[in-house]
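Could you fit the two chains together into a complex? Lean on the hints.
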Amino acid sequence: MTDGLLVLQVAADTTGAYRDFPVIGSRAAIWIAAEIHLMFAAFVLGVPIFAVVAEAIGIFGKDQRYDRLAKEFTRLLLIAYSATAIWGAVLVFLLSTLYSKFWAYLTAIFGASMWAYVALFFVESFTLYLYYYGWDRWKYGRSKLVHLGLGILLNIWGTTVMFIADSWLTYMMTPPRDITPQTAPTSIKLWHAILNHTWMPINIHRLIGNVVFGGAIVGAYASYRFLAARTDEERAHYDWMGYVGNFIAISALIVLPFAGYWLGREIYQYDQSMGITMMGGFMSWLWVIQAFLIAVLFLAGNYYLWVGMGRIPGAERFRPYTKWLLVVLVLGALVWGTPHTMIADSRELAAMGGSHHPLLGALGVMSAKNTAVNLMILSTFLSFLLYRRANIRQVVPWARAGTLIQAGMFILAAGIVLFFGIRGYFVEAIVRIGYSVYQVGAVLACIIFVTIIDVLMARGAQSLGAIQWGKMPPRSQYALFILAVTFTWLMGLMGFARSGIRQHWHVWQIMQDTTPYAATPALGYAAIMISTCVLIFLSLVGFIFWLGGLAEKSTFVPAVSPVEAPHVGD
Amino acid sequence: MWATNLRIIGIVLGVLALYTLIANKIPQVQSEVPHALTLGANVTPEQLVTAGDQLFHGAGGCIACHGLGTRAPNLLTDEKGQGPIGARCGKREAGKDCKAYLYESLTNPRAYVVSGYEPIMPEMGRTLSPQQLWALVAFLESQGGTVDVSGSDIPPTAGPGAAAAPSGGGPGKIANGSTDAMTIIRGAGCLGCHKIANEGGAIAPNLTNVGSRLSQALIRESILKPDAKIAKGFEKFAGVMPKTFGDQLTGAQLEALVQFLSSHK
Chain Y
483 MTDGLLVLQV AADTTGAYRD FPVIGSRAAI WIAAEIHLMF AAFVLGVPIF
533 AVVAEAIGIF GKDQRYDRLA KEFTRLLLIA YSATAIWGAV LVFLLSTLYS
583 KFWAYLTAIF GASMWAYVAL FFVESFTLYL YYYGWDRWKY GRSKLVHLGL
633 GILLNIWGTT VMFIADSWLT YMMTPPRDIT PQTAPTSIKL WHAILNHTWM
683 PINIHRLIGN VVFGGAIVGA YASYRFLAAR TDEERAHYDW MGYVGNFIAI
733 SALIVLPFAG YWLGREIYQY DQSMGITMMG GFMSWLWVIQ AFLIAVLFLA
783 GNYYLWVGMG RIPGAERFRP YTKWLLVVLV LGALVWGTPH TMIADSRELA
833 AMGGSHHPLL GALGVMSAKN TAVNLMILST FLSFLLYRRA NIRQVVPWAR
883 AGTLIQAGMF ILAAGIVLFF GIRGYFVEAI VRIGYSVYQV GAVLACIIFV
933 TIIDVLMARG AQSLGAIQWG KMPPRSQYAL FILAVTFTWL MGLMGFARSG
983 IRQHWHVWQI MQDTTPYAAT PALGYAAIMI STCVLIFLSL VGFIFWLGGL
1033 AEKSTFVPAV SPVEAPHVGD
Chain U
103 MWATNLRIIG IVLGVLALYT LIANKIPQVQ SEVPHALTLG ANVTPEQLVT
153 AGDQLFHGAG GCIACHGLGT RAPNLLTDEK GQGPIGARCG KREAGKDCKA
203 YLYESLTNPR AYVVSGYEPI MPEMGRTLSP QQLWALVAFL ESQGGTVDVS
253 GSDIPPTAGP GAAAAPSGGG PGKIANGSTD AMTIIRGAGC LGCHKIANEG
303 GAIAPNLTNV GSRLSQALIR ESILKPDAKI AKGFEKFAGV MPKTFGDQLT
353 GAQLEALVQF LSSHK
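Chains as they are written, first to last, in the numbering used here: chain Y, 483 to 1052; chain U, 103 to 367.
In short, the hints are calculated from the structure, not lab data.
Hints should not be assumed to be uniformly reliable.
[As the list claims (entries may be wrong)] In silico DSS-like cross-links for lysine-lysine, where the CA-CA straight-line distance does not exceed 25 Å:
hint, chain 1, residue 1, chain 2, residue 2
1, U, Lys193, U, Lys182
2, U, Lys331, Y, Lys671
3, U, Lys182, Y, Lys671
4, U, Lys327, Y, Lys671
[As the list claims (entries may be wrong)] Chain U stretches covered by chain Y per the calculated footprint, using a threshold of three residues with CB under 8 Å from any CB of chain Y:
hint, segment
5, 117-130
6, 190-202
7, 312-325
In this text, a Cβ means the ideal position worked out from N, Cα and C, and glycines have one as well.
The shape of chain U in the complex, shown without the other chains (with noise of 0.2 Å):
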């Protein structure tokens, strides 16, 4: 019965081992937590594009879409013939400079969703601090271009989800504060998304009769809380339409874009 027992021990350990080394001998990759910046007035690029490269590789989780070409566009290398991002990103959006435009698809990257790919990527504001997200702009930026981000882009102390657009936070801001409705849904990128007559996507409500459907409350809340009503159909996109409007946007914008919105019947 001892030989028994010690064959029996023998395969248990055996087989735990055999798991354990296969385990240790693929690549070990470990999950980072993302380490907090503290990059003062007088940081230089280079200081900002080594800490954007550490993001990029390792906690902030970029390489596990982009890079790959199927999940996300390839930033760090050629992407369909443009070059890698920095060459191509003051192309991208018409009156956007490079600066702006890597900063709000980090922040909102549901604005400007590469044809060919799903608006899979999250809001990086949610997870990253200020001091993170610039330095992740000046790194993507010295891949192929010219890093601009400076010291004073950077808010003084702010943790993650405090980030400040471009040229600073805060209501008003969206469409430097027009309050005319298509600049506003321009500005704001509802078009990334929803569509309008003939403009815009097609993965979250329509909302060219959407007065019809919606009372003006309901448009309001839709706005201030995305979350608190999923449009049917749509459930599986709940969580990600970005919550952040209600301190985006001033009184005014809010109100001219819900009766904008009540009045499309």
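Same shape as in the complex, but just chain Y (with noise of 0.2 Å):
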């Protein structure tokens, strides 16, 4: 660091660089705004995706139910639109006035990609009113195709503007190495910055949590129409819709910690001490809370299935494997959450008996909780099957054969990932860190051909009654509503690690936050303003929900015959 920050801190300390906001101060102004339009912009984000894959269910498995599912959601879109468009023009023009050189700076970088980003927009939103007001026009044939298309080019232009947003975001973390702060920025080419160590990781990572949150948001929208249906064939549609919700969400949740360790990964990369801060520094009781919340997740999302079972005629024969299931989850979350390495003074060391718990210490290193994070991984694709399973008999000649070496399968995952986990005890980090590689690995494989023959060994199955779709007692849907309240607040966390990491630092060690709330706050202000923006992010969706209902009559469908209800997937 040179004479070049000296420069540019004078030229932020001088008069205009920076400007307080009145009460809440410039930190909470923008940190409000962003959080709240991030959140938006994940719905808007998820939800297509999740609406476009509905209606191709619909189109190509023909069934209606899929494609008013989906037309159901677009409408929430319109509105939640706005709603984005709204709060990323109030993050601008905070940032703008409050933090007007440091905008000066980005802006020099990446004024091209921001008019793309508009221009990006704008098209994103008209392709928006045209799929959803062209809906029932392009019903039917090919039109049906045209407007599947349309869907498609939705979620195109969508994933392209978060991926130039993210490219200013990760610019601030993980700046390439050969810019220093007397680089000036207009000179650094556009391409050069975007294609930061941090951008395609958190691309995907984002890909895949918006999936999350749109399911979640979902669920708990199903969950609330559900409680306030008034006819049995109303409760049955939103029960539906709300299993649909959390599979979806629980299923893309299972694959984030595999994009979380690759960004992870890219972040020791790029600055080993930027990944210490993270992992170990001030932020490792983060780790702790996250651990807790993707606990109460699993068992959120296991629990609501367990619950499920109870209206599908047959399940009764699974009932005795959940509390086995919940001691894997529940022992998982405990490994998961055990700290380790964690910053304390000398008079907490001596009360834990050295740096590390003598006897919980070596269930807190990664060995012991990649181990526990992928049987609970296990654990939960487990209970899917189970629910898949509960109302079938399988018919074809090999079905006892196939579950046979299902389990073997189950079992021999489990046993790598065990061996791995044991084995990561005994050998050096770099080793270690390789051996969550063959886990995942484990994991996946068993997930994809467990699936794959089941999907096999169901061909002609024989029914053992009717999914009983609306019979869920209501304590059922306030787990989704657990579910989407603590996949908004993990958002809002992740989201508070990823930006703290930068600590003092606009861009990382290029330019230095010099207002009064440049040091990073400990996660009791943190967890204070994450409940904050989650709690006005809720209401605007409730009330665009309500909105929503005001609108339009919902579009729930006459009953199903029972015995063909299909889970999804079939």
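Here it is in structure tokens:
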């Protein structure tokens, strides 16, 4: 760091570099605007993925319910887009007025991409209007496929918009190493700045995260409508919708940790000290909170499935297994939440008996945590599998052998996970890190092959009775609310982690934050901010849902023949 | 319906309150901004130690690794029977006193990587000013040793990155301006990461036959702009090699080094 930094700092410290926001301060104002904009953005990016997949299932599976489900959600998008744009504008105005020097720096580098962003947002909005308002006009034959194409196009625009915005924030985190404080921003090539270390990992992580988020919000919407339903038909429809939302959210959640692992690895490779700040520095406690939240997600998601098995004839065969699944999930959550390398003062170290707890310290290392989370994922997948098979009896001649092979795959995957988990204690860190790939590979292979076998085995299966959609106790719907709130809160928390590891830098080691708010706050303050943002967001989403209900009557479909009611994935 | 709505609101608020409460109950650690120090020529050792103590336990971020005994050596407590850092720093490198060793460990941490630990420490000169660096040196010396940092060590005014070596900064201060290539290589700490013949580390490309792989121009570029081209297989260490050799080496030293390395075929 050199004279260039000093020049920038002097410039930043001059009058006009920063302004303060009344009462809550400029950092809190930016925090709220950015967070709520991001939550709406995740909603309007995640739900179209959800909608277009549902529409495709409707078309190719010839099931109208999925088509109506897709349309119901696209209607909500119209209002949500406005909210996203409004909060985006608020964020830009706040940035340009409160952090004008920093904003000037960013625009000097990314100006051209900002224009492209606006243009694409414009195109995306009009594609959405065509998609929604053309729904009934392009309903049959080839025109329906064209309509589906519009939905895909909508997702392409949305994803591109997100990728552009991601380049700005990832540049702030991991600017290319050849850029120094004295590098004139106008001399930085746009594509060079975009292609920074964390750009693509963040893109992928957010893409998957948006699907999770979209599914969770869909689930919450469905549960609200379920609880408010006046007829059995309506209740059955929203019960089914809640199941679909939960299925998508949990399915995507299972993949999300792998994307997060890639992002974390890139951060470490870019700057070890940044990685250490994130995982073991002042943010170390954040991961204990994250483990708690993910435990809530796993438990609530599984609980919803287990309660849901009460409305499936034949599911009672599998009920005895749920307590063992619960044991694995709880034990896994406890291991994952075990602190290890935490910042502690000498008094705390003395109380603990060393830098690590003598007994629990062994459970806090990555070997144990990776093992725990992979077993939790396997358990959740098993819950889904039992749910899928609850009301059928396979009739293919190899059904017994197939089930045994499936069981063998579960045992093999769990064995591989445990083997590398234990072996990880006896090898060097660089070797141990590689083991997580084997663990993840075993779990993914198990999920893929067991699913394929299950689909093949279900051919011509004998039904043991219809799924009684709508016959769900209200407590199951509250579990969906808890899922949605937890997902949203977790998104806020991880956003704080990503942004907070820059510490007192606007742009890591290039442009320093010299405001009175430059210190990165502790988790307690961050939690209050996150909860405030989540509350504002959910209130606005609730308002949007209410508006959606005013605009059009519910599109729930008449009851289909219960026996034909398929599971997602059939 | 009102009862259902109230129940939903209650659940949402309850969940938010629970998460907020838990996050407020755990230890609250804030990442502080390193405060600029204005230490004059008359600064006392006690003032330096106090400032260093605050940095070490606060904005310097040192305790994230040092003190845990896993990521980096313990500095304030005994390390493998050698005592705290102030007691052992003078014995770490032959011909280097405690002050010089600690200062170089802060500004060029890969020069001396303690056996059994990874080279993960960032160059503190990038984020801390010389005043702050010297305050840290004084604090570390005070841990079992004698503080010999004084105001004369600290340059009058400078920001982060303007770090001066113990006896002053600028070109020629590596290996006291020697143009003997191996002296420069040892003095600059290259062997902390690179290997030449049978000497040195293995986390950066082996330089034993570097002349057969790289032209003189590329060797020169790699010294002055280490991240311009990253050797295959070492991508994960991009950013590790200091970019300060252009300021620290004299022209004669740089050319001696280039000639020496290019002759190793």
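Hints versus structure:
1. U/Lys193 with U/Lys182: Holds, because 14 Å separates the two Cα atoms, which is no more than 25 Å.
2. U/Lys331 with Y/Lys671: OK: lysine 331 of chain U and lysine 671 of chain Y at ~18 Å, within 25 Å.
3. U/Lys182 with Y/Lys671: Given that 25 Å is the threshold and the Cα spacing comes to 50 Å, the pair is violated.
4. U/Lys327 with Y/Lys671: 18 Å, holds
5. 117-130: holds (count 11)
6. 190-202: violated (count 0)
7. 312-325: violated (count 0)
Hints 3, 6 and 7, counting from the list given before, are not met by this structure.
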